[in-house]
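Student: Given next are the chains, with one letter for each unit.
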Amino acid sequence: GQQLNQSPQSMFIQEGEDVSMNCTSSSIFNTWLWYKQDPGEGPVLLIALYKAGELTSNGRLTAQFGITRKDSFLNISASIPSDVGIYFCAGQVLQGAQKLVFGQGTRLTINP
Amino acid sequence: ETGVTQSPTHLIKTRGQQVTLRCSSQSGHNTVSWYQQALGQGPQFIFQYYREEENGRGNFPPRFSGLQFPNYSSELNVNALELDDSALYLCASSLVLPGGSYGYTFGSGTRLTVV
Chain Z
943 GQQLNQSPQS MFIQEGEDVS MNCTSSSIFN TWLWYKQDPG EGPVLLIALY
993 KAGELTSNGR LTAQFGITRK DSFLNISASI PSDVGIYFCA GQVLQGAQKL
1043 VFGQGTRLTI NP
Chain X
83 ETGVTQSPTH LIKTRGQQVT LRCSSQSGHN TVSWYQQALG QGPQFIFQYY
133 REEENGRGNF PPRFSGLQFP NYSSELNVNA LELDDSALYL CASSLVLPGG
183 SYGYTFGSGT RLTVV
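Going down the list, the sequences are from chains Z and X. Position one of the first sequence corresponds to residue 943 (this note's numbering), numbered consecutively onward. Position one of the second sequence corresponds to residue 83 (this note's numbering), numbered consecutively onward.
Keep in mind that a hint or two might mislead.
[Claimed, not checked] Coverage of chain X stretches by chain Z, computed from C-beta distances (three or more under 8 Å per stretch; other residues unrestricted):
1. 99–109
2. 124–130
[Stated by the list, open to error] Only some residues are given here: those of chain Z computed to face chain X with a beta carbon under 8 Å:
3. Pro-950
4. Thr-973
5. Gly-984
6. Leu-987
7. Gly-1001
8. Asp-1013
9. Gln-1034
10. Phe-1044
11. Gln-1046
Since the hints were derived computationally from the structure, they do not count as laboratory data. All residues carry an ideal CB built from backbone N, CA and C; glycine is no exception.
Please construct the entire structure, taking both the sequences and the accompanying hints into account.
Tutor: In C-alpha cells form, the structure reads like this:
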C-alpha cells in the first residue's frame, strides 16, 4: 500500500533557527498537505500543495511539491516557541475515496 | 463558519462493548472521513462517507461502521471493542468537487480508551 517516509522523526533546535523536514514516497500523489498537531488536538492544516513543482509560503512556513510528485518538504524559518509540536505530511490521490496517507510525523522541540 | 466538531472528547469503555462517536462537518462540506490515530503514529484512514454512502474504506474490520446523515454529520460505530482500539479518533470534512477535494479539515478528536 501507499506509505510516506517522513524525516527526521524528531528535532531539537534553538529558538531562532531554521527547520527543514521532508516526506518521500514510492507512490505518486496529486496533492500534498502539511499539518501541525498539538497534544490532545486534531491536525491543523498549514499548507496545501496542488501542482507538481509548486512552492507555497504561509508566513514563516514554506513548502514545495516535488516535481516527481513523490516528495515534499516543509521549511520553518526563525523558529519561535509556539512552533513546538508534531508536524505531519499527508499525500492525497484524487481517485476513489481521496483519502489522506500520513507520514509518521516530525516532533519539533525548541530550546529557548 | 463553524469548524468540525466531535463528541464526546473522551470516553472509557470496557472490552467487548460498543461505542458510537459523533461528528458535525464544517459548513459547506459534503464529505466526512474518519481516521484512527494510535499514540505516536500518524492518522490511519478508516472510511469516508459521501452522499450518505460509504465511499472507500481502509484496512479496518467490519466491526467498524459508520453513517452519514442528510445534514452531512456522521457517526462512527465500533462493535466488540478490543484493547487495541484505544486511540484518538479523528473526523475530517471536505468539499469534494469534480476537480478534487478541498478544505480537508479535522476535528479535535475523541480519545477512546478500552480497558
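Student: Compare the structure with each hint and give your call.
Tutor: These are the hints, each one checked on the structure:
{"no.": "1", "hint": "99–109", "result": "violated (count 0)"}
{"no.": "2", "hint": "124–130", "result": "holds (count 6)"}
{"no.": "3", "hint": "Pro-950", "result": "violated (15 Å)"}
{"no.": "4", "hint": "Thr-973", "result": "holds (7 Å)"}
{"no.": "5", "hint": "Gly-984", "result": "holds (4 Å)"}
{"no.": "6", "hint": "Leu-987", "result": "holds (7 Å)"}
{"no.": "7", "hint": "Gly-1001", "result": "violated (19 Å)"}
{"no.": "8", "hint": "Asp-1013", "result": "violated (16 Å)"}
{"no.": "9", "hint": "Gln-1034", "result": "holds (7 Å)"}
{"no.": "10", "hint": "Phe-1044", "result": "holds (3 Å)"}
{"no.": "11", "hint": "Gln-1046", "result": "holds (5 Å)"}
The structure fails hints 1, 3, 7 and 8 (numbered hints given earlier, in ascending order).
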